[in-house]
Amino acid sequence: MVSLLIKNIPLKKRIYSGYIVTGILAFIIAFLSYGSLSTLADKFHAVITFSRHVEKIITFSTHMSEMQRQALIYTSSGHNAAGERVGEIYTHMLQDIASIQGKEKLDSYEYIQEAKKYLHTYYTTFQEVRKQRGIQQRLVRQEFRQYATNAQLLIEEQITSLQASNSKKTLQYYKMLNFLLQIEKNAYRYFDSLDSTFIYLATENIQKTGKVIETLLKEPKGDQAHLEEIARVLARYESSFLEAVQRTRGYLYLVNVVMAAQAYETIYQAERLSTMIAKNSDQLQEQMLDRASAISHFLLLLSGILLLFISVFSFLIIKSITEPLNRLSHTFRRLASGSSEAEIPKYLLKDELGELTRAAGSFKERNIALEESRKELSRSNEELEQFVYTVSHDLKSPIVTSMGFISIIRKLAGQGKYEQAVDKLDKVVKANERMSQLIRDLLELSRVGRMDMDKKKIDLNELLASFTENQSMRLKTEHFSFEITSKLPVLYANESRILQVFENILSNCLKYALNDKCGRLEIHATEDEKWWYIFCRDNGPGIPTEYHEKIFGLFYRLDSHTEGTGVGLAVVKKIMKFHGGDIQVEPQLQGEGAVFRLTFPKCQSDTSHQAGQNSKT
Amino acid sequence: MRERKTEQLLLVEDSDDHAELAEFYISDYNKKIRVNRLHDGAEAMTYLEQIETSPEQNLPWLVLLDLKLPKYDGHEILARIKNSKRLAGIPVVIFSTSNSGKDIKRALSSYANSYIVKPMEADQYGEVINEILQYWELNQHHLVQSTEKCDA
Amino acid sequence: MNRRSFLKKSSKLGAAALVTTAFPNIIKARNHKPTIRIVGTHVTLQEKIRQQAEKDLGINIEFYPGGSAEVLLKASTDPDSFDLYEQWSNSIKVLWQARTIQPIDTDRLVYWDEINSLSKTGRITEKARLGLGDAPYKLLYVQANNRLGSNATSQISFLPYVHNTDSFGYNANVVKQGIPYTTESWGWLLEKRFHGKVAIVNAPTIGLFDLALAVQAQGEMQFQDMGNMTREEVDQLFDIIITKKRQGHFRGVWSSVPQSVDLMASGEVVLQSMFSPGVSTLNGMNIPCIYAAPKEGYRAWHGVMCLSRACSGERLDAAYAFMNWWLSGWPGAFIARQGYYISNPQRSRPFMSEAEWDYWYDGKPAAEALRGTDGKISVQPGTVRTGGSYIQRFENIAIWNTVMDTYEYTLPKWSEFVLA
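Chains as they are written, first to last, in our numbering: chain A, 1 to 617; chain B, 1 to 152; chain C, 1 to 420.
The hints are simulated quantities; they were obtained by calculation from the structure and are not laboratory data.
Hints should not be assumed to be uniformly reliable.
What the hints assert, rightly or not - In silico EDC-like pairs for lysine to aspartate or glutamate, Cα to Cα no more than 16 Å straight-line:
hint, chain 1, residue 1, chain 2, residue 2
1, A, Lys375, A, Glu385
2, A, Lys411, B, Asp16
3, A, Lys430, B, Asp28
4, A, Lys417, B, Asp28
5, A, Lys169, A, Glu110
To be verified - The following residues of chain A were derived to be distant from chain C, with all beta-carbon distances above 10 Å:
hint, residue
6, Gly78
7, Thr248
8, Met259
9, Tyr264
10, Ser293
11, Glu343
12, Lys396
13, Thr468
14, Ala525
15, Phe535
16, Thr599
Computed from a predicted model, the values in this text were never measured in an experiment.
Cβ coordinates follow ideal geometry from the N, Cα and C atoms, glycine included.
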């Protein structure tokens with residue numbers, strides 16, 4: 001089907017279409033390659049993104065650990081820088097999460113959310129830690145110390161005012177002062193060591209101080225107001241200490257329990273995420289690899305197929321070109337060798353090959369014409385030979401006769417038979433007369449085609465009408481009728497020659513077609529596309545089929561007794577040939593009479609010229 | 001021998017003048033030679049047909065055959081004779097005005113026994129006829145003798 | 001007091017008590033409702049309870065539920081921020097030390113006599129073993145020296161009410177079911193077959209004892225007194241468990257009940273410290289989480305209700321009314337449906353169906369499908385509560401949730417463990 005399609009496309013377009021199809025296929029390959037490679041590139045991009053994410057998540061874990069470390073530093077040392085650092089890391093991590101979240105569309109989203117949740121709780125808790133730690137610091141550094149100082153000052157004031165007036169009382173105050181110092185000492189020990197036994201020791205000393213105050217209040221002489229003041233400060237002192245203890249425990253709990261767990265979960269989720277992303281990335285890479293190999297296989301296969309297609313396509317195109325070319329070259333070779341039978345391959349398209357094919361056609365026509373003319377030449381050579389032969393034979397014949405009779409005459413004369421010899425002289429005369437008649441006829445024949453051959457339009461009806469008139473005397477004496485039974489054509493011919501044709505035919509009829517009835521020559525015409533046919537029918541005995549050709553031969557006579565030299569019909573033949581036509585005897589049943597068929601071409605100008613040439617050669 | 005000599009000589013010649021010449025010189029050579037003259041190819045064919053099919057009929061001892069004849073030409077007649085079993089033995093002398101090599105070649109290849117061109121010179125005609133007759137008479141004699149011996 | 005006589009006594013007291021706990025006089029007198037603020041955990045601060053209490057008592061109640069640490073810090077530093085505080089017995093030491101709570105007069109507690117011996121003496125029956133650590137009876141009574149102790153006085157530091165035994169839960173789809181009190185052991189927490197699939201509750205006063213019990217059950221170390229470890233013992237314990245954690249034995253710690261549920265539901269964990277609601281939730285999700293009855297005994301906890309030092313006057317009366325309401329029956333029945341016990345169970349019995357009582361308290365198979373507090377079926381017919389009856393469970397207490405003297409010392413260690 002393809003080949004059939006190709007064959008219907010002109011050569012140039014065929015070659016162009018070959019290029020175009022190849023180009024399109026190349027483009028398709030390129031396009032598909034581009035498509036496949038770009039999806040591959042997408043995947044590759046995804047892998048890169050993944051690996052970046054993995055990196056980020058790994059740093060995420062590191063950040064988290066660092067954050068917890070900073071948080072612990074802050075908790076233990078109270079360094080504000082460490083606290084600030086936690087905040088910075090937190091902000092940084094949130095940015096990381098946002099950047100991953102923005103790009104990630106996978107199920108890992110859940111883990112990111114989890115991690116974010118834990119991170120958020122972590123940071124909120126840390127803020128609480130800072131708050132608690134701040135309060136604790138305020139309590140320990142300011143309130144607690146202030147109350148301690150206040151209490152100490154109040155007691156010392158009392159000691160100063162007593163001035164050893166009441167040594168027992170003073171001793172009690174000193175005792176109080178000592179307890180106070182113990183409280184402070186144990187309190188600070190607790191905050192340093194975080195050993196809760198120091199809390200008991202501190203509170204024990206507070207209680208002891210309280211007891212001293214109670215004892216002193218029972219004393220009569222009234223520094224009641226003062227003591228109550230000391231008790232109030234002591235109560236405040238205690239509560240600020242206990243609060244500080246609780247704040248300490250609070251933030252320690254927050255840092256070590258709550259934040260640790262949040263940090264751990266954040267890291268855990270991040271690690272899970274990174275594992276998952278790494279897995280996804282691995283999967284993706286594997287997919288990518290698979291895809292890459294699939295693509296390369298596909299492209300290879302596609303290229304192979306397309307290459308095959310192009311090969312087949314080019315093969316078909318080439319075949320469609322070379323095949324007719326080969327056929328043509330074969331034809332041309334044959335044509336060049338002069339063959340007129342070389343087959344011209346069928347090629348209907350009007351392209352270069354069509355042109356070539358038509359050229360081969362012309363070549364062939366030329367060859368045919370050449371062959372024709374060669375045949376014509378050999379035929380005319382043959383004719384000439386025949387002519388020469390016939391002429392020599394027939395011209396020799398009267399000489400043989402006359403020479404023969406001259407010998408006889410001599411002989412007779414030698415024998416004295418003069419009378420007989422004289423008789424024979426007549427034979428010599430007749431032979432010589434015949435000789436001259438032959439020469440005249442030959443001259444006449446040779447004139448056909450050489451002299452008086454100017455042609456014009458002749459209305460055959462008119463021509464034959466006047467011919468009948470001219471011949472009326474002769475016809476009358478011979479009891480012969482000449483009839484025209486149909487309308488005759490107008491021909492382009494030489495009038496006198498055409499007249500000669502009919503004269504010779506009539507003479508021939510008069511010689512051979514005589515019978516007991518009245519002789520008759522009937523003329524009618526028919527036509528076809530190319531030719532006029534004029535039939536001349538007599539009512540004589542007819543001509544046997546074997547002589548149909550021979551009778552047109554020079555000096556050929558069916559009967560040697562009838563007069564004539566046998567040139568008439570030869571002249572007719574020559575005239576007809578000269579006009580591009582012919583004369584033939586139509587086959588008839590025996591006894592039906594003879595029918596001469598004259599053929600005239602309808603288009604005469606060319607053929608007459610050709611015939612003229614032929615006659616010359 | 002005599003009787004034999006009275007056997008006819010077949011002369012196929014369309015020209016009456018040539019026939020007259022031939023008959024004149026034949027009888028000049030030997031008056032006893034009977035000449036059967038035929039005027040054209042068609043006549044010759046009819047005659048040949050007749051003698052071929054009837055065994056009682058004597059065959060001509062010599063055929064003088066012109067080539068250019070109406071209806072059938074000499075070549076055709078020669079072929080007719082030489083292709084017939086019964087007639088092939090008859091000596092055929094082609095006696096024609098044609099000295100064309102083509103005619104000679106064709107006649108000889110059709111087994112013509114001799115090819116003589118009719119002479120155009122004065123006095124030659126008679127000599128040619130004499131020679132032909134002389135040769136073929138002798139030849140005939142020899143042949144007759146040999147056949148007689150064989151018969152005996 | 002043996003178990004039988006205790007139950008008899010409780011049941012005799014009946015339901016009529018509600019009349020005395022109601023608060024109509026205040027409303028009538030002042031024509032306004034007092035408001036009490038209660039700080040606590042989600043375990044007891046449930047909206048249904050609040051609404052029921054407001055309805056029964058005719059007062060305004062505000063609940064401030066929060067995380068344990070947050071709640072404790074609030075209570076231990078700011079007595080003015082609350083009237084009542086509900087948490088665990090292990091926070092009492094802290095609060096008492098912080099002096100943010102005031103003693104409760106047992107005279108004003110209507111059902112004081114009904115409160116069973118578990119809270120008062122530490123043993124629910126005579127044959128019951130004494131749990132280690134901060135057993136509630138050790139912290140209940142305010143002693144003459146203003147310290148807390150076990151000698152009965154008329155002042156108590158907290159109202160004993162909700163309590164339960166805790167252990168670990170395991171997924172029976174993965175872990176072959178053990179025999180309660182026989183093969184089930186705290187040691188499972190450290191067994192290699194559960195590598196990477198174990199979680200611990202994130203609380204040094206709770207989870208630490210799960211780990212300690214596990215380590216001891218595995219024979220890796222012994223404690224002189226697990227309820228009051230020395231620093232050396234703490235060091236040794238943490239050395240062991242941090243090593244295990246580093247080897248990846250633990251999935252991690254959980255900080256909330258929903259998180260514990262997620263961990264087991266997702267399959268990340270097959271065995272972990274559990275609280276009762278988590279087990280119920282998992283069972284509701286058709287995950288067969290078995291609440292183990294370890295042969296070493298339970299880790300028990302006791303809910304405490306404390307009175308703010310700052311609470312006085314009308315609010316103090318309202319607070320006492322709320323405390324009495326809690327022991328009046330309905331709340332006990334309500335929390336029983338979540339698996340918790342109340343200190344005077346007989347008072348709650350009339351508020352429960354027979355099947356409920358049999359299942360939740362008597363350790364009998366559920367005669368019918370039982371509904372939880374949310375109205376959904378939480379117990380399928382025929383199932384039996386692990387560990388048996390209330391009595392059986394509390395006869396087997398290994399340790400109570402405890403704030404040890406080394407509490408502060410354990411904190412950084414805990415952090416190290418968590419982050420390991």
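Here is what the structure says about each hint:
1. Lys375(A) x Glu385(A): Distance ~15 Å between Lys375(A) and Glu385(A) Cα, so the pair holds.
2. Lys411(A) x Asp16(B): Given that 16 Å is the threshold and the Cα spacing comes to 20 Å, the pair is violated.
3. Lys430(A) x Asp28(B): violated, 24 Å
4. Lys417(A) x Asp28(B): holds, 14 Å
5. Lys169(A) x Glu110(A): violated, 73 Å
6. Gly78: It holds; Gly78(A) is separated from chain C by about 16 Å at its closest Cβ, greater than 10 Å.
7. Thr248: Violated, because the least Cβ-Cβ distance between Thr248(A) and chain C comes to about 8 Å, which does not exceed 10 Å.
8. Met259: violated, 8 Å
9. Tyr264: Violated, since 5 Å does not exceed 10 Å.
10. Ser293: holds, 36 Å
11. Glu343: At about 88 Å from chain C, Glu343(A) clears the 10 Å cut-off, so the statement holds.
12. Lys396: holds, 139 Å
13. Thr468: holds, 135 Å
14. Ala525: holds, 120 Å
15. Phe535: Holds, since 121 Å exceeds 10 Å.
16. Thr599: Nearest chain C Cβ is 116 Å from Thr599(A), so the label holds.
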